[in-house]
Amino acid sequence: MRYLLALGSAGLLLASCSDGAPGEATEAQQGDGTDTVELAEFPDRPYWGDTHLHTDVSVDAFGFGVRLGPEEALRFARGEEVTATTGMKAQLDRPLDFLVIADHSDAMGATRRLYDAPRMMVRDPTLRRWYDMMHESPEQSTRAVAELITAAANNEIPEAFRDPERQAAATRELWDRHLDVLDRYNEPGRFTAFAGFEWTLMPGGNNLHRVVMFRDGSARTRQVLPFPGIGTTVVQLWDYMDAYEETTGGRALAIPHNSNLSNGMMFELTGPDGGAMTAQYARRRTAREPVVEATQIKGDSETHPFLSPNDEFAGFGVEGWDLGNLPLTARSTPDMYAGSYVRSALLRGLTLEEQLGVNPYAFGLVGSTDSHTALATGDEDNFFGKHTGNEPSENRALTSQNLGTRQGRFGWHYLAGGYAAAWARGNTRAEIFDAFLRHEVYATTGPRMVVRLFAGFDFSEEDWDGDWVRAGYTRGVPMGGELEDTGRAPIFLISALKDPDGANLDRVQVVKGWVDASGAAQEKVYDVAWSEREMDGASDSLVPPVGDTVDRAKATYENSIGAAQLRATWTDPDYRRGQRAFYYVRVIEIPTPSWVLYDAVRFGLKLPANVVEANVMRERAYSSPVWLRPKSRPQIGDAPPIMEGE
Amino acid sequence: MLALVGEPVDPSERSITLSREQQAGLALAFERTMGRAPTDAELDARIGQWVREEVLYREALRLGLDRGDPVVRRRLASKMDELASAEVETAAVSDDVLSRWLQDHPGRFAEGERFTFSHSYYPDEDALHSALDGDGREEGFPISLPPRMDGASYEEVKAVFGSKFAARIARMKPTRSAQLQSGFGWHLVDLEERTRGRARPLGDMRERVEADWRSSTAAARREKAFDLLHKAYTVDIE
Numbered sequence: 000m001r002y003l004l005a006l007g008s009a010g011l012l013l014a015s016c017s018d019g020a021p022g023e024a025t026e027a028q029q030g031d032g033t034d035t036v037e038l039a040e041f042p043d044r045p046y047w048g049d050t051h052l053h054t055d056v057s058v059d060a061f062g063f064g065v066r067l068g069p070e071e072a073l074r075f076a077r078g079e080e081v082t083a084t085t086g087m088k089a090q091l092d093r094p095l096d097f098l099v100i101a102d103h104s105d106a107m108g109a110t111r112r113l114y115d116a117p118r119m120m121v122r123d124p125t126l127r128r129w130y131d132m133m134h135e136s137p138e139q140s141t142r143a144v145a146e147l148i149t150a151a152a153n154n155e156i157p158e159a160f161r162d163p164e165r166q167a168a169a170t171r172e173l174w175d176r177h178l179d180v181l182d183r184y185n186e187p188g189r190f191t192a193f194a195g196f197e198w199t200l201m202p203g204g205n206n207l208h209r210v211v212m213f214r215d216g217s218a219r220t221r222q223v224l225p226f227p228g229i230g231t232t233v234v235q236l237w238d239y240m241d242a243y244e245e246t247t248g249g250r251a252l253a254i255p256h257n258s259n260l261s262n263g264m265m266f267e268l269t270g271p272d273g274g275a276m277t278a279q280y281a282r283r284r285t286a287r288e289p290v291v292e293a294t295q296i297k298g299d300s301e302t303h304p305f306l307s308p309n310d311e312f313a314g315f316g317v318e319g320w321d322l323g324n325l326p327l328t329a330r331s332t333p334d335m336y337a338g339s340y341v342r343s344a345l346l347r348g349l350t351l352e353e354q355l356g357v358n359p360y361a362f363g364l365v366g367s368t369d370s371h372t373a374l375a376t377g378d379e380d381n382f383f384g385k386h387t388g389n390e391p392s393e394n395r396a397l398t399s400q401n402l403g404t405r406q407g408r409f410g411w412h413y414l415a416g417g418y419a420a421a422w423a424r425g426n427t428r429a430e431i432f433d434a435f436l437r438h439e440v441y442a443t444t445g446p447r448m449v450v451r452l453f454a455g456f457d458f459s460e461e462d463w464d465g466d467w468v469r470a471g472y473t474r475g476v477p478m479g480g481e482l483e484d485t486g487r488a489p490i491f492l493i494s495a496l497k498d499p500d501g502a503n504l505d506r507v508q509v510v511k512g513w514v515d516a517s518g519a520a521q522e523k524v525y526d527v528a529w530s531e532r533e534m535d536g537a538s539d540s541l542v543p544p545v546g547d548t549v550d551r552a553k554a555t556y557e558n559s560i561g562a563a564q565l566r567a568t569w570t571d572p573d574y575r576r577g578q579r580a581f582y583y584v585r586v587i588e589i590p591t592p593s594w595v596l597y598d599a600v601r602f603g604l605k606l607p608a609n610v611v612e613a614n615v616m617r618e619r620a621y622s623s624p625v626w627l628r629p630k631s632r633p634q635i636g637d638a639p640p641i642m643e644g645e
Numbered sequence: 000m001l002a003l004v005g006e007p008v009d010p011s012e013r014s015i016t017l018s019r020e021q022q023a024g025l026a027l028a029f030e031r032t033m034g035r036a037p038t039d040a041e042l043d044a045r046i047g048q049w050v051r052e053e054v055l056y057r058e059a060l061r062l063g064l065d066r067g068d069p070v071v072r073r074r075l076a077s078k079m080d081e082l083a084s085a086e087v088e089t090a091a092v093s094d095d096v097l098s099r100w101l102q103d104h105p106g107r108f109a110e111g112e113r114f115t116f117s118h119s120y121y122p123d124e125d126a127l128h129s130a131l132d133g134d135g136r137e138e139g140f141p142i143s144l145p146p147r148m149d150g151a152s153y154e155e156v157k158a159v160f161g162s163k164f165a166a167r168i169a170r171m172k173p174t175r176s177a178q179l180q181s182g183f184g185w186h187l188v189d190l191e192e193r194t195r196g197r198a199r200p201l202g203d204m205r206e207r208v209e210a211d212w213r214s215s216t217a218a219a220r221r222e223k224a225f226d227l228l229h230k231a232y233t234v235d236i237e
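Those protein sequence lines, which keep their order, are chains A and B. FYI, numbering that gives the first Met the number 0 numbers position 508 of the first sequence as 507, with every residue one higher than the one before it. FYI, numbering that gives the first Met the number 0 numbers position 209 of the second sequence as 208, with every residue one higher than the one before it.
Hints are supplied without guarantee of correctness; some may be wrong.
Result set (DSSO-like, lysine-lysine): computed pairs, CA atoms no more than 27 Å apart in a straight line [as the list claims (entries may be wrong)]:
no. : chain 1 : residue 1 : chain 2 : residue 2
1   : B       : 223       : A       : 88
2   : B       : 163       : A       : 88
3   : B       : 78        : A       : 88
4   : A       : 553       : B       : 163
5   : B       : 223       : B       : 78
6   : A       : 553       : A       : 605
7   : A       : 88        : B       : 172
8   : A       : 630       : A       : 523
9   : A       : 88        : A       : 553
10  : A       : 88        : A       : 605
11  : B       : 78        : B       : 230
Derived from the structure by calculation, the hints contain no laboratory data.
Take these sequences, add in the hints, and give me the full structure.
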C-alpha cells in the first residue's frame, strides 16, 4: 500500500509539472471569437445564458456545501448531465448558449483552503470556530457561512481571510487554472464561456454587488486578478476596469444585482460620498454598468407595489425580500424602495439627466440565477436551489432560510432564477458581450420567450407583412437604443413569442417612464396586446384577467388560455414634444405553478393555503428600454469610458 | 513519556535513511523558494528539520494519531481517488485511443443530424384543416418564427420550435406538407433534406474528444477502483 501511495504522489507531481499540452484550448477558443464564425446580418436570435453562477471557488458556496467546480458548471450549462453535490443527477432540458462564472473575488477559494487546512494551522479563533462548524455537519457549515456573510456586512472578517497580499498567491494559481478551463469550454458558434467574478461590496449589509464580465480570452484576463470587494469602493472598481482595458486592450463591464436588497443604496440620487452626483460619476457609471440584473433567485427588482400602486403586476418576487437588506441586519422602510428597484432607477436616471446632462442609470436588463450550486437552473420544474443546503429535499420550501433566519424569509420566497437573453449575430464572446454593451439584451424569470422591440417614427401595421426585422434595424432602433425627439410620437414594433416548451402568453405591456412639465417623474403601464378573451364592456382600458388553469394539487397548467404569440404596433398616446422618456416591454405569461408546487407533488408536502396561492405565479420577460431624448442633447453613446480617476 | 507508548516497535522502523536524491530534492526546494542554492549550514538545517519531522511522523503513526482525524482521513481518501485517476489525468493519449473513444461515443461528438425545412403556421388544428380545404389561407398565419431552417441541428430545431416538434421531425423522411404540432400551434412542413450526422474527423476536434476522454475515464476509473475495494467490505449502517 505504501508503494502505491508513493506512485500516487509521483503522478501528482507529474500533473503539476507537465505544462499541459494535453487538453489545451485552440487559438480560436482562447480569443474573443472575432472572425471565428459566420455572422448574421442582423442579430437573428436570442442567445440564452446565465451571467451569475457560483461554484466551489466561492467562499460562501463552498461553505454552503457545494463540491462542484467551474468545470462541472460548464459541462452542465452546455447540456451535459452532472451529479449534483447532494447526489442527484442534474441536467438542463435545453442547454444554455453562454455562461459567466462569477465567483466572489473576496477570499476566492479561501473556505476550501480553510477546510482543507490542518486544524492546528488555523490560529484565528473565529476562523477556528468556522473550521470546526464546517467539519461538524452540513447544517453547521451553512450556519458558519451565514456568520461569515454577516461578518462581511459588518466589516468584521478575520484579517487572515481578507488580506489581499496573503490571498494573492493563492488567487493567482486559482485564477490562471480557471481561465484555462474557460478557454477549453469556449467554443465559438456553439457555447461561450466568459471570465468574470463577483465584486461583493456590502456596506452595513446593504447589497451593492456587481458581477464583472470580461469580453476576452485568457491572454488578456490573465494579466489581472479579480478585484476584491471588501475595503474598496465602486469608483475603485471602475478604476480597475479602466486599467484593465488600458493595459490589455480588452473590455469589461459590471452588472449590479440584488438592488432589492440594498436598502435604497444601489440607485442613489446622490454621489457615493453623499454629496451631489457629478456628471463625471454619472458618465462613468453608465459606461461601466450598461446592464442591471433585474431578476434572480433572491427576488425580483423590477418594481415594488409601494412605488407602482397602479401596476396590477407589480410585486412579483418581492415578498420576504423587501423586509430588509441582504443579511437582514437592517430593515427596509418604504422611503428606501426608490433606490432599490430598477423602474424607479430608470426614472431617477431621467431626472438626473435633466440636471447633469448625462443619465447615470441608462441601463439594459437581464435575469440570471445567482445559484451557488454550480448548476444554472432557471426552470420551475428543475430548480436545484439557491445553494447546496436547499438542493431538492422535502423540507426546503417551508424552512426559514439562512439569511434572516426566523425573521420572515422562507425557502418558498426563493424564485427559481432567471436567464439573460442577448440579441447577437453569432455565439461568440465578442458578439454577446457587445450586445450587453448596447443594451440589446432582456431578462426573463426563466421561460425562454422571444421578445423583439423596435422603436422609430414611421412604422406601421404593414411592416409586419414584410421583413419587419430588417425594417426595425434600418428604420428604427432595437431594444436598448435611443431615439432623438422629432416632434412626432414614437411608434413601436413589438413581438413576443411564448417559450416553445412553456406556457402561453397573457399580455404584452409597455412600461413608460417620463419627466413631466413640472419636472416630476411619472410612470404608466399600457396593455398593448393580449390574448383573445371576453372584454368587459364597461371599460376598454382595463383588460380582464386571462383566467387560471393551474391545478394546485398536481402542479400542472393548461395552455387552453392565453396566446402563443402577441404582436403590436403601438404609438405612444401620451407623447408630448420635448419629453424625456423611456419605454420597456413587459411580457406576462398565464398563471403557472412555481417550483414550490412541483416540490409539494414530488415530496407529498402539505402546504399552507397562503403559500400555495403565492406560488401560482406570473412569469415574465422585461426588455431593455428604448430612450426618447429631447433634440440635440448629449447621448449615452457619445460618452467614451472616462479613464482618469474620480 | 509513558503516555506516548503506542504499538510495539519493529526495529526496522527505527532506522531512517535520507538518500542523496532526497537531499538534492531538499536543496532544490530551497533554491526554488529563495532563488539561490543553500549554504552547507542551511542544507544541514533543512536535513535536520526533515529528520525531526520524519521521527515525529513515524511516532505519530505508531501512536495511531492518524486515526479519528477527519483531515487525515479525507486527505488519504482523496489520495486514493487521485491514485486511481492520476494516470489518466497526465498520460499523453494517442490518436488511436481517442479515435476509439470517438467511435464508441458518436452521440457526444457527431455533428448531429441537420434538417432543412420550410413551414407555414396555423394557430390551431381547425385553421390548418380549413386551409387544407382551400379557405385561402394556404400561406399560413403570420408568426415571428424563421419561415425556413437551413441545415439546423436537432438542438436548434428544439430551441426554436419546442421539444415535441423536434421529436416529430427527427422521425420523418423528407416529405411535403407534413402536419406537425409545435409549442405554438400547427405547421405544414416541407422537409426538404435531412443529412445524417456525419462523424467529424478526430483532427477537427481533438481537444474536445481528449477533454471528454480524460474526464470520463478518470471518473470511471475512480469509481471502478472504489467498487473493487468496496466489495471487500461488509458495510452495516445501523
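Quick rundown of the hints versus the structure:
no. : hint          : in the structure
1   : 223/B x 88/A  : 19 Å, holds
2   : 163/B x 88/A  : 23 Å, holds
3   : 78/B x 88/A   : 25 Å, holds
4   : 553/A x 163/B : 22 Å, holds
5   : 223/B x 78/B  : 15 Å, holds
6   : 553/A x 605/A : 12 Å, holds
7   : 88/A x 172/B  : 34 Å, violated
8   : 630/A x 523/A : 23 Å, holds
9   : 88/A x 553/A  : 23 Å, holds
10  : 88/A x 605/A  : 26 Å, holds
11  : 78/B x 230/B  : 19 Å, holds
This entry does not satisfy hint 7, going by the numbered hints stated previously; all others are met.
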